[in-house]
Every structure is written in structure tokens, then in C-alpha cells.
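Number of protein chains: 2
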Amino acid sequence: MNNLYLGIDLGGTTVKFGVVDNTGNIKEQWNIPTNIEDHGSHILPDMINSIKNRLPKYKEQGDQILGIGMGTPGSVDPYKGTVTGAYNLNWTEEQLLKEEFETNFKIPFFIENDANVAALGERWVGAGENENDVVFVTIGTGIGGGIIANGKLVRGVAGSGGEIGHIVVKPDGDACTCGSRGCLETIASASGIAKVGKVIAKKHLDSELYKASKEDNFDAKIVFDLAKSGDQAAIEAVEDVTYYLAWGLGQVADILNPQYIVIGGGVSAAGNFLLDYINNFFPNFVFPNVKKSTSLRLAQLGNDAGILGAASLVRENLKEL
Amino acid sequence: MNNLYLGIDLGGTTVKFGVVDNTGNIKEQWNIPTNIEDHGSHILPDMINSIKNRLPKYKEQGDQILGIGMGTPGSVDPYKGTVTGAYNLNWTEEQLLKEEFETNFKIPFFIENDANVAALGERWVGAGENENDVVFVTIGTGIGGGIIANGKLVRGVAGSGGEIGHIVVKPDGDACTCGSRGCLETIASASGIAKVGKVIAKKHLDSELYKASKEDNFDAKIVFDLAKSGDQAAIEAVEDVTYYLAWGLGQVADILNPQYIVIGGGVSAAGNFLLDYINNFFPNFVFPNVKKSTSLRLAQLGNDAGILGAASLVRENLKEL
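Residue numbers (the working numbering), protein chains in the order written: chain A, 711 to 1031; chain B, 711 to 1031.
Hints should not be assumed to be uniformly reliable.
Copies of one chain are not kept apart here, so a pair can be met inside one copy or by any two copies together.
[Said to hold, decoys possible] Taking lysine to any residue and the SDA-like style, the derived pairs with C-alpha atoms no more than 20 angstroms apart in a straight line are: (1) Lys1002 <-> Asp787; (2) Lys790 <-> Asn842; (3) Lys880 <-> Arg891; (4) Lys912 <-> Asp926; (5) Lys1002 <-> Gly795; (6) Lys737 <-> Ser760; (7) Lys790 <-> Glu803; (8) Lys1002 <-> Glu841; (9) Lys913 <-> Ser939; (10) Lys816 <-> Leu776; (11) Lys1001 <-> Ser785; (12) Lys1001 <-> Gly889; (13) Lys880 <-> Lys1001; (14) Lys737 <-> Lys762; (15) Lys880 <-> Gly892; (16) Lys1001 <-> Gly869; (17) Lys1002 <-> Arg891; (18) Lys862 <-> Asn1027; (19) Lys762 <-> Asp731; (20) Lys908 <-> Gly940; (21) Lys880 <-> Glu949; (22) Lys1002 <-> Ser785; (23) Lys931 <-> Asp986.
If you're looking for bench data, these hints aren't it; they were derived computationally from the structure. Since the structure is predicted, the reported quantities are computational estimates derived from the model, not experimental observations.
Taking the hints into account, I'd like the entire structure generated from these sequences.
Quick look at the structure:
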């Protein structure tokens, strides 16, 4: 008989499910498509049905699912167990997830925003090595973050703890979707990197970067690939982006002095090449004792961070009950 | 019979003691001079003797002192209860404070750095209103900080959590004592403000600020006083300083989303005049949801923050035992 957790990673195109044991092994995982039609009204019943089909097996084996955890986009109330304003799911109205899940499965349900959940996953069984002070930053379409201090998520008073993408690093920079100017996200997210790449390309008309920047498929990955192949203009773009990333992460480091700042998300696929550039600038922006004690790392869990983090969310909450 | 805490605020010129009850009332307080002669070797025995003279009274009354807390300069190991490198006390060698206090008084002893202790005090019975998410920033000779998240101090992995003074806000700015350039402390500490004042004064040779900047006693207080009296050059200096303060505190707010950021230390004597200028710039640097939920406040405890915070340190630690 095993004690297990069910982790759910709810995304705009796919819902991922994983049954996870107490050491972070995924015993089984499966996906269903996210049906966002009809104001996203199918999503919740689809998830519940999918779980209903899978759980009897564990009961028969004598295993016990101790609780269900979920990472979700949108604005989460973890106490009420609700989500509002998850626009990529077409969820505009408040969704009573905890109520529905607990009514159906009679086990505890816990929910957090997806960046916080990924942070819990990387902290538990990924690059965070289960340390008590770990920051996770995810660099993709946007830049998100999740902070663990003293072993606990730092949500802040209104759930905006970890808004690392909206640290202002260039007050005279481009307008951000949030209303400020020069947020880290405007420079170092995937779209920010492509934009920086285009601006720098125009100064180097004979570069590979300039040629690539004229194509419709131009993106952050191309900027990194060209930099890796030695294109000077692309290297200049990577330097520009990683300078601001190092600055923003340096501020996080001085404020929290975590053991690790773990870098994940699509852009982190650039791997050690990205990490080395950030590490090159990072020491200029941090306090000596932080320089010695806080280090930057690449995320390790990839697409499994969500379900593992959701399982960790259950595990951490049950510890406290 | 009352349960009481003994709080000690160890400073370079004075040691402050306070006997504090469970609601944060100071029942008695007294000071002794800090004798830093002979490598600071008198400080510890002086403190112990001073306490020994005062405690019998409480025993006679039937009150119980549950523990002793201390805020100190230098680098603290709160687990071992030791301090090293407190240069303004002439303490260069490791000081075994916990061991000495517990041997002498047979009650638990807890120690933290002074910025963290002041943060605990302001959080408990000052501007922090006993909320779970409070940041304290002290603006004096330097800029220090203490962070409380989820009701607990965030020390970080090597005790450098809350190094708010060393957030870089101007990478091409002046060199800081820490080795970086353009730390918030180089611009917005008391000496930083005087320096900014001098630079701006030179652009306004007919200003009161320029006249004052030629005198030996020129300092941050004079910059603020002249700004309050309407001197345009001084107002420009205050705008420059508070712009960077708002930027730095905006980064703290986006990362932690605390209920309050409490501003204390000598410079905070400039009061609402200072606060209004910071609040003027602050919204440009924070995420919308943080703008709605995190607010800036002036500290309320003044010189008592240290002893009240030291009492709070005991109280918080005993809760967990």
C-alpha cells in the first residue's frame, strides 16, 4: 500500500495529470485536451470524469490517494479554492474548483497559480534539491516566478508575491502589458528577446541576425541559436538580454538570499549558454555574501514540473493540517 | 504574575534593555554605555551584570522572564547564538553570546541582526500591525532591511535576506562599500542624500542648497529641511533620491507583495514629506495588483523598535518550541 498524490497541471491546450508517490516518482501520467469552448464550461467536468476513470485501480491495489493538487493560470484564491480571470481558458467567472473536486472525491484539494506550483515542483525534486530557500523563475511568453522562503511559498498579501517579470529594470523602456515601462518581461521574455534581436539586427545589416529577423518565424530561439553559432549581432542581443536578467535576478538575490534561483520555461532551453551569460553579469549586481551563497541553476523537471509541483502542494499542505 | 520578555538592543554607543509584556508594553527600560575598549571584551560582562541587578525584582513580584532576545550589529549565527565581525563594537572574534547568557540566566536566549530585530518590532506593535507579510527598511548611515513573510523572518541561506540597501538601481552610479556600483544605499542613505544634494547644488549656484552645501555640517536633514521650505534645488535633490527609493522599494513590493513596507531609520524623520515623494513615484514601478495591496508607511516605534523587536524575537521563537 502506497500513499499517493494526484497532481494536475491545467494549461490552455492540455490538462496534464500525474499520480505521484511520496518520493516524487510519477507512477502514472496522462493528458486530456483542454476544451475551452462554451466559456470553458467543459473543463471542470472533463477533468473530474478523467480522474474518475483512473482512480478505481489504485483503490483496488490498496493504494491511497491523499489529496489532489492543481496548478492553474488566472487569479487563484487558495483558501476558497477558486480561480477567476483565467482568460486563456475562457474562464471569466469565478470557478469553484475546490468545492467540486472535494464533493466528487472526498479528499482534500489544493490549488495555486501555475508559476508557484512549478516552483514547488522544482524545489521538491528538481534543481531546488528540497532546500528551504529557493526561487523559481520561468521565462517563456512572459516571465513568472515562485518564491519559497523558510520552506513555504511566499504568496504575499494579495497573491502577487513572485511577480519577477514585472520588476522594472529600464524605466524609460518599452510599455509592458501591466501598464508600467521597462519591466524585465519586456526585454527578457521570449517576445522581448525577439524584439531586442530585431532592434540590434538593424544596426548590423550584414549579420545573420538581420537576415533572420526579416522572416516571419523569427523568435528567441533563433536569436540564441545564431549567438551560439557565433553571429556577433546575435551575441550582442544575448548580452543585452542577459544583462537585464542578471540585474533583475540580482535584486531577487539581494532581497531573499535563496540557495538557488532556478531558471525554467521555454527560453531556458538555451541551456548553459544562457546560464553562462547571466552568470557573467550576475556578480556585478549582488552583495558579497549573496555572491558566495546564492547560485543560479537551470530547471530540471521540464514539462513535469507542473504535476510534481501540484503533488508537492498537497504534500506540503497535508503536513500542516 | 506576568509572563515577560527581556529585549536587548546592542548598539555602538549604548546598550538598551527593556522588560516587555506579552502585549508589547515596555514595563521598564534602561541603558548602559557600550564600552568598546579592550576589543569589546567588557560588553558582555557589562550586559550580564546590568541584567543581574534588575531581574530579582521580577522574581519577587512573581513575574516570569521567559527568555532574552537581542539585536546586534555584525554577522549573526542565530542557531549557534554567536556574532562575528561587529566592527563598531570592536568585536572581531566570534562572541559566544547564547552560551554566556543561558549559563548565567538559565532561560532561552535568541539573537538576530539589528535590522531584522527592528523589523520584528515594527511588525509586532508598530506600523506592521502584526500582519504576516511586512518589510521594514531602515534608512540611516546605510540602508538595511528586514523581511517577514508568512509570519517569519526571511534570513535567506546565509543571513543576507533583506539586503535592500544593496539592490543596484544605477549600474553606472557611484561605487558602494560592498564593491558594486549604484546600490540604493549610495543614493538614498543619509550620506548618499548629502552627496546627491551637493551634486545638484552645483547646478544651482543661487540656491539655498548651494549655500548650505558649502558648510561642514551639511547633511540629509538639511536637504529635506530646505526642500520643505521650498528651495527648488533641494526639491530636485529630494525628487532624485525618492525616485530611486521608490524604484528599489517597488522591486521589493513586486517580489514579496507585503501588506506594508515600513520606512524607519534617521532619514525617516523627514516624515510624510518623504513618504509623499516616494508614493508619488512608487506606482510607476509596481504591478497593478501590488499597487492595490502593498502600501508604504512610516515606522512608529522610533528608538524602541530594537527592544520591542528583541522581545518579539523571543516570543516568536518560544511559540515554535
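Results of checking the hints against the structure:
no.	hint	in the structure
1	Lys1002 <-> Asp787	between (37 angstroms within a copy, 16 angstroms between copies)
2	Lys790 <-> Asn842	between (26 angstroms within a copy, 19 angstroms between copies)
3	Lys880 <-> Arg891	both (7 angstroms within a copy, 16 angstroms between copies)
4	Lys912 <-> Asp926	within (16 angstroms within a copy, 52 angstroms between copies)
5	Lys1002 <-> Gly795	between (41 angstroms within a copy, 17 angstroms between copies)
6	Lys737 <-> Ser760	within (16 angstroms within a copy, 63 angstroms between copies)
7	Lys790 <-> Glu803	within (14 angstroms within a copy, 52 angstroms between copies)
8	Lys1002 <-> Glu841	within (17 angstroms within a copy, 32 angstroms between copies)
9	Lys913 <-> Ser939	within (19 angstroms within a copy, 49 angstroms between copies)
10	Lys816 <-> Leu776	within (10 angstroms within a copy, 44 angstroms between copies)
11	Lys1001 <-> Ser785	between (34 angstroms within a copy, 16 angstroms between copies)
12	Lys1001 <-> Gly889	between (33 angstroms within a copy, 11 angstroms between copies)
13	Lys880 <-> Lys1001	between (23 angstroms within a copy, 19 angstroms between copies)
14	Lys737 <-> Lys762	within (17 angstroms within a copy, 62 angstroms between copies)
15	Lys880 <-> Gly892	both (4 angstroms within a copy, 14 angstroms between copies)
16	Lys1001 <-> Gly869	between (29 angstroms within a copy, 12 angstroms between copies)
17	Lys1002 <-> Arg891	between (32 angstroms within a copy, 18 angstroms between copies)
18	Lys862 <-> Asn1027	both (10 angstroms within a copy, 17 angstroms between copies)
19	Lys762 <-> Asp731	within (19 angstroms within a copy, 55 angstroms between copies)
20	Lys908 <-> Gly940	within (17 angstroms within a copy, 47 angstroms between copies)
21	Lys880 <-> Glu949	both (15 angstroms within a copy, 18 angstroms between copies)
22	Lys1002 <-> Ser785	between (36 angstroms within a copy, 15 angstroms between copies)
23	Lys931 <-> Asp986	within (16 angstroms within a copy, 44 angstroms between copies)
Checked against the numbered hints listed earlier, the structure breaks none of them; every hint is satisfied.
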